[in-house]
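In order, the protein sequence lines correspond to chains A and B. The first sequence begins at 1 in the numbering used here and counts up one residue at a time. The second sequence begins at 1 in the numbering used here and counts up one residue at a time.
The set of hints was computed from the structure by calculation and includes no laboratory data. The beta-carbon is built from N, C-alpha and C at its ideal position, and this holds for glycine as well. Certain hints may be false.
[Stated by the list, open to error] Derived pair list, reagent style DSBU-like, types lysine-lysine, alpha-carbon separation capped at 30 Å:
1. A/Lys139 <-> A/Lys244
2. A/Lys115 <-> B/Lys220
3. A/Lys115 <-> B/Lys225
4. B/Lys157 <-> A/Lys16
5. A/Lys14 <-> B/Lys271
6. A/Lys244 <-> B/Lys271
7. B/Lys271 <-> A/Lys357
8. A/Lys139 <-> B/Lys274
9. B/Lys274 <-> B/Lys243
10. B/Lys274 <-> A/Lys357
11. B/Lys243 <-> A/Lys244
12. A/Lys139 <-> B/Lys225
13. B/Lys243 <-> A/Lys16
14. A/Lys244 <-> A/Lys115
15. B/Lys274 <-> A/Lys14
16. A/Lys248 <-> B/Lys225
17. A/Lys14 <-> A/Lys115
[To be verified] Pulled from the structure, derived: some chain A residues nowhere near chain B, Cβ distances all over 12 Å:
18. Glu34
19. Asp73
20. Cys76
21. His81
22. Leu138
23. Asp152
24. Arg162
25. Val215
26. Glu250
27. Leu262
28. Pro293
29. Arg308
30. Val343
31. Ala350
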Amino acid sequence: MTATPPAKPIKKRKIKLDEHLLAYRGVWVFIENERGHVHPVSWELMGQGRQLAEQLQVELCAVVMGAPGAELDALCESAFHYGADRCYRVASPVLRLYRNEPFTQALTGLVNAHKPEILLLGATALGRDLAGSVATTLKTGLTADCTELAIDPEDRCLLSTRPTFGGSLLCTIVTLNYRPQMATVRHRVMPMPEPQPERRGLIVDFDPGLVEDNVVTRLLEFLPDSQDNTPHLPYAEIVVSGGKGLGKAENFRLVWALADVLGAEVGATRAAIHAGWISADRQVGQTGKTVRPALYIAAGISGAIQHRVGMEASDCIIAINSDPNAPIFDFAHYGIVGDCVQVLPALTRAFARHLGKPVKEIA
Amino acid sequence: MHIVVCIKQVPDSAHIRVHPVTNTIMRQGVPAIINPYDLFAIEAALRLKDRLGGHVTVMSMGPTQAEPALRKAISLGCDDAILVTDRVFAGADTLATSYVLASAIRTLGQERPVDLVFTGKQTIDGDTAQVGPGIARRLDMQLLTYVSRIVEVDPAKRSIVVERRAEGGVQVLQTALPALVTMLEGSNEVRFASTPDMFRAVRATVRHWDRNDAGIEDIKQVGLKGSPTIVSRVFGPTPRAEKARQVPFDPADPDSTAASLLEQLLADVPKVRKELEQRRSPS
Ligand SMILES: Cc1cc2nc3c(=O)[nH]c(=O)nc-3n(C[C@H](O)[C@H](O)[C@H](O)COP(=O)(O)OP(=O)(O)OC[C@H]3O[C@@H](n4cnc5c(N)ncnc54)[C@H](O)[C@@H]3O)c2cc1C
Ligand SMILES: Nc1ncnc2c1ncn2[C@@H]1O[C@H](COP(=O)(O)O)[C@@H](O)[C@H]1O
Chain A
1 MTATPPAKPI KKRKIKLDEH LLAYRGVWVF IENERGHVHP VSWELMGQGR
51 QLAEQLQVEL CAVVMGAPGA ELDALCESAF HYGADRCYRV ASPVLRLYRN
101 EPFTQALTGL VNAHKPEILL LGATALGRDL AGSVATTLKT GLTADCTELA
151 IDPEDRCLLS TRPTFGGSLL CTIVTLNYRP QMATVRHRVM PMPEPQPERR
201 GLIVDFDPGL VEDNVVTRLL EFLPDSQDNT PHLPYAEIVV SGGKGLGKAE
251 NFRLVWALAD VLGAEVGATR AAIHAGWISA DRQVGQTGKT VRPALYIAAG
301 ISGAIQHRVG MEASDCIIAI NSDPNAPIFD FAHYGIVGDC VQVLPALTRA
351 FARHLGKPVK EIA
Chain B
1 MHIVVCIKQV PDSAHIRVHP VTNTIMRQGV PAIINPYDLF AIEAALRLKD
51 RLGGHVTVMS MGPTQAEPAL RKAISLGCDD AILVTDRVFA GADTLATSYV
101 LASAIRTLGQ ERPVDLVFTG KQTIDGDTAQ VGPGIARRLD MQLLTYVSRI
151 VEVDPAKRSI VVERRAEGGV QVLQTALPAL VTMLEGSNEV RFASTPDMFR
201 AVRATVRHWD RNDAGIEDIK QVGLKGSPTI VSRVFGPTPR AEKARQVPFD
251 PADPDSTAAS LLEQLLADVP KVRKELEQRR SPS
């Protein structure tokens, strides 16, 4: 993107809050935990929430919901380690496993009682399910799937940035005269903060007043995914990804071969998946996975914004593209202008030699 | 069974281009399609109808130009179509959209009680996955998102069992009708239109409902006015301070390019050097 025009404000609207909304204070993060496992996006959000809270000079609060017991209490402690000043503990046997209705009631009740100005959730299946119904119940604004959060110093508003459709644009969304300002954020977009085991905070209990007999939906069973088949893309330290520029399905072998030598995970663009060259669980980007490896090798990928937001936090990006003007060269660290069908095998040979691995001949 | 399917007409993203200078989306000549995710919702509804009988109404909020999308849905086998359309609906965000659709579904329910509402997982333009949950909350229906399979619907017992995609696995959930289901992509194979249905679709009436027909009570909750969120700016991504360092490539000698790149990585990027060190074969 040579000479990107300066960012243009479309509307600069002054946001003036009604008197009763001024009482909304503090930044909240919903801590998503299921089966004794905290979704890491919650801790990533605590890291980001800490910065927002400091800028606003308010408390950072964690919301922990679940069945009463030692596990829930331990979760509150962890929330303090990750930066919470205060932890709202919502304990009820009805909240043992996630269901939309009781979680919506509990979280809505808590918001109405303690009035945060910002409420953040992970953009997971659970987080998006819950955020959508809580925002509607509260009749407030919700921005989905954000990749960046910031505060407007002028009016304390949350600026939520997300990619917008069409390929290469981002948009910043603000919530007008409504509170709280809600957003869901993707896993791995924000860095994981270091826990500080000495940090302590205040636990505040909230009774959601739930009764199991009033909950209509029953969880009959949970069928866990088999662990060995699903790619571990979000945590891979090296990722080799292929795009439409590979030209045909067979050429994806070249990506697999390089990944094999590097001990890397294989990723892909949505275009390559739509072409049927590789399975959908390998998609990197806005509607796929977000990765933050040390090394990301992109072969035949144009660098559309929806792909970029899923991988630009990589420490080192190598792009191979036959078009010297491909947008990916604007944010890659190393570029090779050339045919990936030629470059990939050469890279495979070079890395194999360096790592002392046998070079399998790939025709 | 009366099933309502909410669909949206969207510009085909494969044809959208961004103007390189003004950073605006160029919509001219971009074909409009049914939001691809919504096709799975239509198919799920039609399969239930095939099994249990009943009536499928397809509904959309949008400009009059969205009518072909509804006609397309009829050609696939839906019985009835309603386009909820009114100038005051323009500029709606998800909260305002769910208000209008919920009002229209409630009104439709007075004609024929609604047992199930289907939506897609998300749209490819809004891309929020919020409208479905919003409708469910407003109609006080049970909400089942990211459904990958409808296991069973029992109209007599008024119960539904589904498989729902969750983190790390699949939840099997049972709930009571009326319920709102958002269907996951790939959850079924979308059918082709049959010839008689194609003819029917050409002649079918698509009902147009304005705010009064849709039973909208509070005009302040629709359109731009009823939307808590606004887009404050649209911009291109910031290029990195430096562009990619180019490693010269000679098609006659790809191996020297690879060697030169590897050399630079080892010299300049400690994190990559460390990763590679850990992967060296012990020899
Ligand atoms: C709502 C929405 C969500 C989306 N989500 C995602 C997402 O999560 N992930 C995602 O990836 N995309 C997503 N997309 C799609 C995205 O906008 C792009 O269309 C997609 O990333 C393009 O994939 P590509 O780079 O493989 O293909 P293309 O854009 O077709 O690019 C192919 C590139 O390969 C180069 N090339 C061609 N031949 C060769 C060769 N022989 N050697 C080397 N290079 C070559 C070309 O110069 C070109 O730059 C989304 C789009 C929308 C609208
Ligand atoms: N204007 C609309 N008319 C009808 N249905 C809609 C509309 N907008 C969204 N939907 C439905 O809600 C789902 C989620 O949309 P979204 O929240 O925009 O991602 C879509 O897949 C549609 O089924």
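* Which of the stated hints cannot be reconciled with the structure, identified by number in ascending sequence? -> Those not satisfied are hints 1, 4, 5, 8, 13, 14, 15, 16, 18, 22, 23, 24, 25, 27, 28, 29, 30 and 31.
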